[in-house]
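Novice: So you can see what is in the structure, the chains are spelled out below.
Protein chains: 2
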Amino acid sequence: MNNEKEFRDFMLHAHERFVKHLSIDCVIFGYHERQLKVLLLKLKTLGAWALPGGFVSFDETLAQAAQRILEERTGLNKLFLQQFHVFGDPGRSHRTAAEIGFLSGQANMVVANDHWILARTISVGFYALTEFSKVIPKVDLFSELCEWRDVDRLPKMIFDHRQIVNEALKALRMQIYHQPIGYNLLPENFTLPEIHDLYETILDKKIDRRNFPKKLLTLGLIKKLNKQKKIGAHRSPFLYKFNKPRYEKALKEGIVLVF
Amino acid sequence: MNNEKEFRDFMLHAHERFVKHLSIDCVIFGYHERQLKVLLLKLKTLGAWALPGGFVSFDETLAQAAQRILEERTGLNKLFLQQFHVFGDPGRSHRTAAEIGFLSGQANMVVANDHWILARTISVGFYALTEFSKVIPKVDLFSELCEWRDVDRLPKMIFDHRQIVNEALKALRMQIYHQPIGYNLLPENFTLPEIHDLYETILDKKIDRRNFPKKLLTLGLIKKLNKQKKIGAHRSPFLYKFNKPRYEKALKEGIVLVF
DNA sequence: CTTCATTGCGTATAAATTACGTAATAAAAA
DNA sequence: TTTTTATTACGTAATTTATACGCAATGAAG
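Protein sequences, first through last, are from chains A and B.
105 is the number that my numbering gives to position 105 of the first sequence; each next residue is one higher, with no gaps.
5 is the number that my numbering gives to position 5 of the second sequence; each next residue is one higher, with no gaps.
If you're looking for bench data, these hints aren't it; they were derived computationally from the structure.
Just so you know, these numbers come straight off a predicted model, no measurement behind them.
Take every hint as true, because none was put in to throw you off.
As the list makes no split between identical chains, a pair holds if one copy fits it or if it spans any two.
Below, computed lysine to aspartate or glutamate pairings styled on EDC-like, alpha-carbon distance capped at 16 Å: (1) K170 - E253; (2) K252 - E167; (3) K20 - D114; (4) K42 - D150; (5) K44 - E99; (6) K42 - E144; (7) K224 - E194.
Generate the whole structure from the sequences, applying the supplied hints.
Specialist: Structure, rendered in structure tokens:
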């Protein structure tokens, strides 16, 4: 089985290619049907879920490593990516006997106590915003499933990964007041109700439907198109799109939004 | 000379006590005479300046390591401390020939190319807020001076330490809009002009003297005392102090300030 | 006792936020 | 065809908040 060879190679030699004691975990956000979602991996055999992650090779920057990991799991590149916290407590990445057994089995080798994979690892957390429909989830070497999960109904997760998701969410909610959000979460053209729902979902908070567009419009972040969307049995809402130059400027210089 | 022994021990054995490839750098802010200051170390022989920093031992959390480093340099503990960014680009900690020569000389040994101190290091940036007058700067093994320097007139610094200061400043300015600031930067009792100056200095921006107190007072963050301060040839300003419970609550839950 | 630089307090005005009414629209039901 | 229902679009009045700024009070020096 090819997987065993790959796995064995990873366990034996990965530490020669990568910066030791350091990993990256990505919280990949997506938005679909009024739900904020995170892309998770279900680990083979163990059943617990994990964040997409990986190691940093010697010639990569942290951001490059995160982009690579992100691309491997989603098929997308040049995503919005933000470093938000480092998780480095001793014991955060402690592996259970079951996990060590799993690793030994997959690699067909004995994982000794001093094996590099059991050493204390510091993980840099990045979060990414993606357009749900464009993501093609892809499993990695360790997992049997790669799926979107609702942020408010997370399954059992390994290590401190649930805490990492919560920290990412906190950082995202902080960002929403200071930088525009949505370019990477919505399709290119979207309606006012759609972006309104997105903001309500992320902030988990009601925002007045009639006042909401004013804020984005006066900042010039979105512009109205002459097209409408067919949504069935109701009045057709107009389509909007982001004003990219202003959006980029606001990303760089920051804005102040109050909801 | 005791220093040589210590230095040699550090160069030979430190990597056995600490998590490899990982360091911590602290941007220690202080405020004095309308100037925001950072505590810096002047390296022996080389002349360039560096941030107080160090390594993380196996049983420490990142925050504990930062507190330890902070206490070693300032004599203070339980300071306000905030992780703000990770600096991990390859080459960020590249040492010049002069630096390697210096290390070899101090330790009286040859520092080979594969010595651990020359390996790629990821540094976690923390910033701390301190009360200027309480800090007793203390040099470390590598430095001949430990001094406050104005943030807007930084000397030549090693590695990417100047960028780290700038990032810390950016994070601090971000924080000032969302969390109360001042408890760790001002003496216990302070006047309105003093805290007003602090905010103007950090934000590098004029704030109306007469409107400023209203914001902090309506949030209940500060309370007026029945004492006044003698400031010489002018009207004596009243003293204020922070409302600690509200301050702590605001730190945790966040506030929205507009200046 | 006048001058000067500063603090303390209040208030009029401007700006921004919020609440909410009502018309327009699309399709399904009557 | 007309009515009903659920939705979007847009405006405006009421309220709250922020800003500008006047002026008296203070403490010491000349």
